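Q: Chain by chain, the residues run as shown.
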Amino acid sequence: MYKLHRSILTNEISVVNKIDDGVLMSIPFDPANTDYQEYLEWLAEGNTPEPAE
Amino acid sequence: MSTIKTNAILDASGGNTTTINGATPTAYNTMGKNRIINGAMEIDQRNAGASVTVPTGNDAYNIDRWNAQNDTDGTLTVQQSTTAPAGFRNSLVFTTGTADTSLAAGQIAFCRHIIEGYNIADLAWGTSDAKTITISFWVRSSLTGTFGGSLTNGDNNRSYPFSYTISSANTWEQKTVTVAGDTTGTWGVGTGRGLSLWFGLGVGSTYSGTVGSWSGSSYFSATGATSVVGTNGATFYITGVQLEAGSVATEFERRPYGTELALCQRYYFVLAPKATLQPTGVASYYNNTYLATNVSFPTTMRSSPTVVSASGTDYFIAYRAGSSDTFNSWTRDSGAVSQQMVEIYNNTEISGTGGQVATTRTNNASAFVHFNAEL
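Line order of the protein sequences matches chains A and B. Positions 1 to 53 (my numbering) are the ones given, in order, by the first sequence. Positions 1001 to 1375 (my numbering) are the ones given, in order, by the second sequence.
Treat the hints as calculated values from the structure; they're not laboratory data.
Keeping only pairs whose Cα atoms sit at most 30 Å apart, straight-line, the calculated DSS-like set for lysine-lysine is: (1) B:1175 / B:1131; (2) A:3 / A:18; (3) B:1274 / A:3; (4) A:18 / B:1274; (5) B:1033 / B:1005; (6) B:1033 / B:1131.
Note that this is a predicted model, so its numbers are computed, not measured.
Modelling step: build the complete structure from the supplied sequences, incorporating the hints.
A: This is the structure in structure tokens:
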């Protein structure tokens, strides 16, 4: 499951985290990043990430 | 000493296979001619030679710049190997665990190398000036017969299936395939996918096509090709993979190990391998519960990378002011999209004092920190 991340320092949200099999992936909102592209495809399928804290 | 002045040296047939001391000096026989990175299979940042299962559902990178996927009913493992033909130290080996002896039309197992668009832009594919390329590689298999592969564009809507024959079991054989460049279709020329080179390990009919011509279909292998995943215990080794401009397979381009590693690090960088006591940087406490450090990449990465951190109880440790804190993982902070540097932090388990400085390490044999900007 994806979870949006809010920066402690700037309060912005520009990273989404994903935990899978004991591995934490922190994915930047960079259109060239293929993990971010997969996240966008997941969103396009109608899914919703957990909100940022 | 004599001097020869001439405008051209051709072979006896007027072609371009003339050799000088055994080397063929074609126009493309220059540094950087090989568009494949890690074609000699020497760099394995992720697994350090360990065997891994080829995943189902999504492709995954095993050794650097090579990925694989197995969407069949069989099982495959992949591993860097020290079995190699003369002149090479390593190969990539796939081994079938459980066979799938009756592939359905839509099932597929493959090994693939994706070339970044920047590195094929000069080939001018998708235009009337498209250049011919030649692929060469060494293969060895416990199976014999006709095997298949393909070239595709980034969207996999242009493909060129090819085949090659392995004549003798468990014997290294070098193969070459020459392909006239595609004059149509869209071929990436930037930081995205440019060209994909596929080697079929078991490809159903939906994704198998007629060899020797360009198609608008998603073909990843040749019709009727041998299925490696179709035989229990079958092995398939490959190394010395080169893709170059021109119609002649020239000698494999030898690049220094450090150069090859740097080329790989544009796509994947291991800050801390899976082991304990691996340094992860000097970090500072922004406040009592927020510890952060900046990581500079050894080379500009293809995209701003994903931070890939092992996550487990006390996997990491920070030594500060005569004491220490353990924490579970590193997370990427928000901020500018950078291909040169990233800030990573922890604020979930850390308990220190704002303003302190710490040296940080992995604290578990399963802990690691990687950065992924693969295609």
